[in-house]
Amino acid sequence: MSETEEVIKEFLVESCEGLDRIDADLIALEDDTAPGPRIANIFRTIHTIKGTSGFLAFPGVEAIAHAGENLLSRLRDGALLPNPEIIAALLAMADVLRGLLSNIETSGHEGNAEHEALLALLSRLANGEATASAAGDPAENLAQPAERRADFIELSAGVPEDPETVKEPLEEGRSPTLTDATIRVQVGLLDKLMNLVGELVLARNQILQFAAANDDATLLGATQRLNLLTTELQEGIMKTRMQPIGSIWNKFPRVVRELARACKKEVILEMVGKDTDLDRSIIEAIKDPLTHIVRNSIDHGIEKPAHRVEVGKRREGTLRLHAFHEGGKVNIEISDDGGGIDPVRVRAKAIERGVITAERAVRMSDRELINLIFLPGFSTAEAVSNVSGRGVGMDVVRTNIERIGGTVDLQSVPGAGATVRIKIPLTLAIIPALIVTAAGERYAIPQVSLVELVRLDGSESRGGIETIHGTSLLRLRGNLLPLVYLGELLGDGPHSGDQTEINVVVLQSDERRFGLVVDGIIDTEEIVVKPLGKELKRVTAFAGATIMGDGRVALILDVLGIAQSANVISESRDRALKTGTQIAQATEDHAEALLLFRTTDGRRMAIPLGMVARLEEISSEAIERAGTEEVVQYRGDILPLVRLSSALGGAADQDTKNGALQVIVYSQGGQRIGLVVGEILDIGEEAVRTREVRRGAAPVAIVQGRVTEFLDVGTLLASLKLNSVTMSTGEIN
Amino acid sequence: MPTQFCTFYVGDLLFGIDVKMVQEVMRYQEMTRVPLSSPMIRGLINLRGQLVTAVDMRRRLGLPPLSTDRLPMNVIIRREEDAVSVLVDEIGDVIDVGAEAFERPPETLMGAARELIRSVCKLEGALLLVLDAQQITAFDAVNAA
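Protein chains in written order, with the working numbering: chain A, -8 to 724; chain S, -11 to 133.
Worth flagging that the hints you see were computed from the coordinates, not collected in a lab. Any given hint could turn out to be false.
[Claimed, not checked] When the alpha-carbon atoms are kept at most 27 Å apart in a straight line, the in silico BS3-like pairs for lysine-lysine are as follows:
id, chain 1, residue 1, chain 2, residue 2
1, A, Lys183, S, Lys8
2, A, Lys242, A, Lys255
3, A, Lys295, A, Lys340
4, S, Lys8, A, Lys525
[Unchecked claim] Among the chain A residues that face chain S by a calculated CB cut under 7 Å, a handful are:
id, residue
5, Gly482
6, Val520
7, Lys521
Computed from a predicted structure; not experimentally measured. Just so you know, even glycine gets a beta-carbon here, dropped at the ideal spot from N, CA and C.
Excised from the complex, chain S in its bound form (with noise of 0.2 Å):
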């Protein structure tokens, strides 16, 4: 059974999460700067009431940040409590991946991707890359160090 991806792109990657873990895909939205926190938390959202956090996903990935004339889109992400906004470049197409198309990323990739990349898609064209929606708010101890 093939499973579906929200894809979106951050610099020149191609990400996917699993559909089901995404709860909705907004605009930018006007956000509270949060003194004092991790620099991958950009601010806080208000979602219709509900708080969420937005987590700089090219800051997470280190890569420098989106050029000023461009505001980056939410991808709300489900949890368990709350939801977090991972800050996203550009929203792509929701697509369908057959399980043949999965490979583990490779063992030479390195850095912050290392952790957030649960394996990787060959799409014509482009590579996919599957996050694992867990790690992607967990870089407190990666912050720390």
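Isolated chain A (complex conformation) (with noise of 0.2 Å):
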């Protein structure tokens, strides 16, 4: 079927329909009091059926709409008061409509049927002047079922409102031909249908491991039969909430070609995989994205004719979307053969909008930089044009994939072109879970969110975690992990320091890992969602929850809620990445990790966490002299010391009593260096807005409401000429 086709069947089933509906509605209106809602609810079908019509090139339905419209716009606004003869001309438009629309339905044509007399009396009616026909129903010549209607609502007088007696005398004139083959179901009842099937894939699960336990062959015949058919079930129903993602890719053609001709550009788009199924409230979460992905590849990716052709491609450019399934997930791919992303512009942007620091940026790869766009208030484009580069975008559409359990993922060869590539679930409404035990209660964690397990027993158990100012953190492969405790989050008292082991379930939320030490871990389970009640809403650690296979409630955790309410993710990051609203405002701040400390003069500053491979105390006996510099062993290494105090031109240090040296393991392109400090105060991660006292001053901002120095370690160490051959250069572990 062609796409035309596709079309106008929608259009007839939708207005079909529409008219039925307006039928009923029609009919109620002789009794209503207060007809406001139903005017406006036909006034918006007719308008409807106007606009498609008008597209599709029908004029007569349009002209008939038309004249309804005007009619009804009048009784809308009150200037007209329906009455009979109004709802008798009313009812005769829309059996004319019908007439129309079947016509179009079996011969593809409207039909060449005058319908003069039905506009003059409807634009009769529109003007206020009453019919002069006494008693009579003006409607009666004008279209025949119009006076079997008249009869009907004699009929019906009695029955009140009830669509489905109202309906039935009008089944009969229609062809039971294409309206016939679908039928429009609630989703509620679905959800419900979803719900029950999820509860009786429990009931199933219990009755299988009865089953199994007893040897009875009877009993065990008939489990399996339950579970095949079951399966089945639960399989169809799933079926039913699916919708082939081609139902949102339809609008991409005229999307694309509109925004080419806007942009200059000419842009061939091929969609492969249509049919890829998905559920329908996954459809409806990805619609947007998807839209905003394809606005950009046109907008940014593909180049103007006359460059294409000059850097010896075609003139047109393409843009291809794929679906398909893999691994239990749908990818869909958004590709181009534009000029893709240029690492080096992403960086000078992402430096120059203070989204990273020129440190940070130094290290990543090129992968990681052009997935930086993903960022609130990142928006390479040159200038701002009406479709894109206002930086509130693709920030906006990974917050809405993740949201559904997703992942994007941006691919680029400059000159070559881009990929945008998004994993998303089948369906929301049955996700694998890891459950695991906090404070006597069960807890499910959506799988999606899941990095790693770890398990510390014995002394690792308690040396393996320090703690800064209160902080827990975990040296996990010579990365610091901030540790949540579950228990204590919940509000179960604070934590035992001496657990013999420690369970901690690593997490990944908004590119921030973190730790959640939990007291047990299960299993890993299929799980149904059900959403919590309103009162409960506001709890945002919770996503949910879910009934076990023992009949009981566990929770599941929303895991971006709980980095929240444990400040792993700072909030005024989070809310950018919602809203958008601050966007402004967040190109200006920035929010990092940062690790604060006192110098040994008392100066508080702050350097970025990710900078910090490790924190050490060392022994002052340690220290050993190499030339000038202060240097210890350190892992099989030579890690040069540097005094910070000292260093920045503040008093000497003088050696502590006990011979205990606070170190900060700094690490940067794989070279080492400890810088000696007075005190570690905390991690933090915070917006925060730099500025310079002084030139040539380390800039401020205020942290944790104190003003702290921020150490550009790469400055400091290249004002100390400390060059790479004292600098380690072993590989950090």
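Need the complex rebuilt from these two chains, each delivered in its own frame; the hints are there to steer you.
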């Protein structure tokens, strides 16, 4: 079926349904004391029919709908009151429309019948003129079915507003063709069926367990059948909620065409895998993100025709949408053969906008760099066009996709094009989850956020976790992982420090990792997600609840919510992500995890936590000398030490009596250096606005309510002329 | 036409809810605690696959908790989209009340009860406090204050 035919088919089905509703509404109008909403409904339906028929070039339908709309708008504005005459005329209009639609359905044409009389009547009524015909039904002579309807009004007078009864007499006139092949079902009903099937699956699981423990062959046979039927039923119900992705792709040819014209570009759209099915709720959720990516590709990605020819490409750019199932997930790729994304430009922009620091940018791979465009406040468009360039886009795209448990990744070959790859789950109703225990209850953690499980036994459980100012940190393969104690977060009192084993669930949320310490890990399970009641909606730590095999309820953790309530992710950054309204603000302020410390002479300073490899306590006896430099042996390597306060021109260090130095092991580009500081204060993540107090001096900002200097280690090291000979080149493990 | 009320006791107060709002009445059910939620919420109940939030009526009214040897009962109230369970001490009868027996709650009634009670019915030997079912779960603002 061609696309136009599909559109027409949809128009016919929708219009016929609309007309049926209009009939019922018109009849109900007779005794309605407050007809406003009904008239508005009828008006809307007719307006839609008019609009679509105009678009699809059915002038007959359009003209009649237009006349009807005029009359209805007078009714809606209260200029006219519905009377039997008007209602009869509108019913006649509905019948004529139905006739035209049926002609279109059978032959593809409206037919040649003239409807002058009806048009005239409708416009007369709209002008407030009553027709002269005394006591008679003015619509009587216009359309044969109207008479039947007039009778029907009488008949149905005693049957109040039951759409089923109202519909029945209409049915006989219509040929049982196209509209009968599909029925519209309330989504609520499908959801309910889905829930029931979820319950059935749980009940089946219980019976299967029970049967396995029994030796009864009959029972076993019966449960086998129950098992098969349940699985089939579950698949069937899932399918009813599925829609092909083509249903949202269908609008893209037009979007692409218009956009390409607006941008003066030539674009060919290819769509592969239109039949890929997705859950209805997911289709809804990805609609806007997809449109945004497509717009971006055309606006930023594909070059102007002249430029394309110049670099030896075809005049027309190609935009390719590709959807396919893989590993229980749906993959959608949006690729273009345009200019790609230049990591150098992204880096420059990111630094300029303060999205990342220059130091951090140096260490990032090209792929990491181009994925920066998903951060709030980022847009590389040189000029803001009405299409894109406002920097409120890709971050919203990512948030929306992650909200439904999906991931977005961007790949680009400069000069050859870019590909955005979206992976989303098939359905939101049933998800794989890890079941853990904390504070005596079970909790489910969606598997999509799970990175790994770490178990610390014995001495590891005591020594492996360090505390800075009340914040627990785990050293995991050389990186510092902030820990959140789930029991404590959920109000179960502070954790005891002396567990024999500690289970850490490493989670990722919004590009940030943290470890969730739980009491026990049970298993992974497919769970049926149920929404929480409205009085629990404001508890952001939970995304919903599920019913476990034993019938008890278990709450599903909202990983983003947990991270926020534990301050692993700063709220200010997240607000920008969600609303996109604070972008201007966010470009000036940037949130970053910071390590706060005090120098031996009392200056409060901060460096990005990402640069910190480890925190060490080193005995002053371990310090050896290499020329004028102080060094220590560290992990089989030589670590140069920098006495920070004297290096910054302050007072020279007084070695503390117990002889232990607080050392921040700083790493950059595979090189390590030990910064000797007075005291480690805290780690925090905040939106920070730095400013220079004095030229050449370290920029300062307010962190946690206090003025803090930002240490630029790169500049410091350069000024100390600490070169790579003395700097350790050992790899960070 | 008399209205039918499903009645129950909380402390020494007799409450009633329009029987049409009540989906069912159940014995105590095991429930799952919801940390970080309002103290008025006791937990979540699995009602044949439906998730039901249980609201502690004693806490809602600011009464001391039920003695530990007694378990509360569930009155499941139907809502537009879902259902909510009200935990009460004891279930009473379903009674018919004529329109003439209704009176507005006394102006001097204060506290949490004030916003919950829609009217008072004079029964023989007792007063029936008619609850506004919508208000039972409308405690977010109360709690935040």
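How the hints compare with the structure:
The hinted pair formed by Lys183 of chain A and Lys8 of chain S meets the criterion: a straight-line CA distance of about 22 Å does not exceed 27 Å. Annotation: proposed proximity of Lys242 of chain A to Lys255 of chain A holds, straight-line Cα distance about 20 Å (limit 27 Å). With a C-alpha separation of about 23 Å, the suggested pair Lys295 of chain A and Lys340 of chain A falls inside the 27 Å cut-off, and the hint holds. Between Lys8 of chain S and Lys525 of chain A the alpha-carbon distance is near 21 Å, which keeps this suggested pair within the 27 Å criterion.
The criterion of a C-beta within 7 Å of any C-beta in chain S is met by Gly482 of chain A, whose closest approach is roughly 5 Å, and the hint holds. Taken as an interface hint, Val520 of chain A does not check out: its beta carbon lies about 10 Å from the nearest beta carbon of chain S, beyond 7 Å. For Lys521 of chain A, the shortest C-beta to C-beta distance to chain S is roughly 5 Å, which falls under 7 Å, so the interface hint holds.
The structure is inconsistent with hint 6 alone, although it conforms to all the rest.
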